[in-house]
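Remember, my numbering sits 38 above the position in the sequence shown when you count from 1.
It is worth saying that the hints were derived from the structure and are not from the lab.
27 Å max Cα-Cα, derived BS3-like pairs, lysine-lysine:
no., residue 1, residue 2
1, K61, K90
2, K153, K113
3, K388, K255
4, K141, K113
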Amino acid sequence: MRIILVVAALLPFSLMAQQNQLKATLKNIPEGAAVLLSDAEGKELSSAKLVKGAFNANFNLSSPTLVQLELKQQKKIIDMFLAPGDQVTIAADGAKWNAATVKGSTANDDYALYKQRFTPLKDTLGKLSARLQKEQDMGKRQLLIGEYEKAIGKVLITATNFVKEKPASPVSPFVLYAINKLFDSPLELETAYNELQPAAKTGFFAQLLQETIADAKIGAIGLPALDFTQNDTANNPVSLSSLRGKYVLVDFWASWCRPCRDENPNVVATYQQFKDKNFTVLGVSLDQSRDRWLKAIKDDNLTWTHVSDLQYWNNAVAKQYRVESIPQNFLVDPKGVIVAKNLRGPDLIKTLQQLLK
39 MRIILVVAAL
49 LPFSLMAQQN
59 QLKATLKNIP
69 EGAAVLLSDA
79 EGKELSSAKL
89 VKGAFNANFN
99 LSSPTLVQLE
109 LKQQKKIIDM
119 FLAPGDQVTI
129 AADGAKWNAA
139 TVKGSTANDD
149 YALYKQRFTP
159 LKDTLGKLSA
169 RLQKEQDMGK
179 RQLLIGEYEK
189 AIGKVLITAT
199 NFVKEKPASP
209 VSPFVLYAIN
219 KLFDSPLELE
229 TAYNELQPAA
239 KTGFFAQLLQ
249 ETIADAKIGA
259 IGLPALDFTQ
269 NDTANNPVSL
279 SSLRGKYVLV
289 DFWASWCRPC
299 RDENPNVVAT
309 YQQFKDKNFT
319 VLGVSLDQSR
329 DRWLKAIKDD
339 NLTWTHVSDL
349 QYWNNAVAKQ
359 YRVESIPQNF
369 LVDPKGVIVA
379 KNLRGPDLIK
389 TLQQLLK
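Please build the complete structure, drawing on both the sequences and the hints.
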């Protein structure tokens, strides 16, 4: 089950900076109030004190992005999506702040549409998540889970429809980035991203989205396992690709990891059962001490191939696979594709029984 709070936070035309102009009229705000204008990366674009209810700013944007006008002392914010060269006017009343208007930006018109469509969905998910965290009755929890999954589905449909409707809009990559964790797989997210036109594939949020997809694809089921080479216990280099043609369990562990040591008997039993059926294990250790590493291999009767660079959490393969906790494993098929991961105890045996019939 995915319990995720989708937070609002929502790019891509010219790569050359163009001057933007902003004119804000802010009623019922104290004279001299400090006004700060910043972009999505937190970079200050302009700042000044309010004079007779007016704040004017000239600044440069190199690509479309979110821009925030903030009155820190009053704890009031107006967020907008601006493209290079936009000339915008803002009208806001401190007594009716939510009714603030931003005019002069096509990108912000798309952003306003995003908020109109997604804010109710985000609120629904937030309320369902809060109810789920409090609900103890299993029957009621199951009903809530069903409602939550339907709400997630509605968010995903709304997002993909937005992208199809506005494939050239700089807001579309923002929309996908804002809800990227709701997609079941990075391939689904990538499919939605590929709906974008080239104009929408540049800029801050497009870059974030590209990086997110690339990171999510590392170690993902259904995608090729990243090849690597490290030295074995005899200091001979061993690569994952050298085991191509077999099912390989790439097992991340360490002698100092108690959960790993507790799981080792299950891995040993699995290895003994399937080692003659086109299956092997490749252990990747996050040890620092060579002696402790070798002793654990002997003590736990781990008779398969082991590799390590003895760099602890800086192990190159662990970093390559984004491994942040152990034990962790990836089951790779004879063609080098990841078919399962994080299999424990009987789950590993059951999976291999199905694959090696």
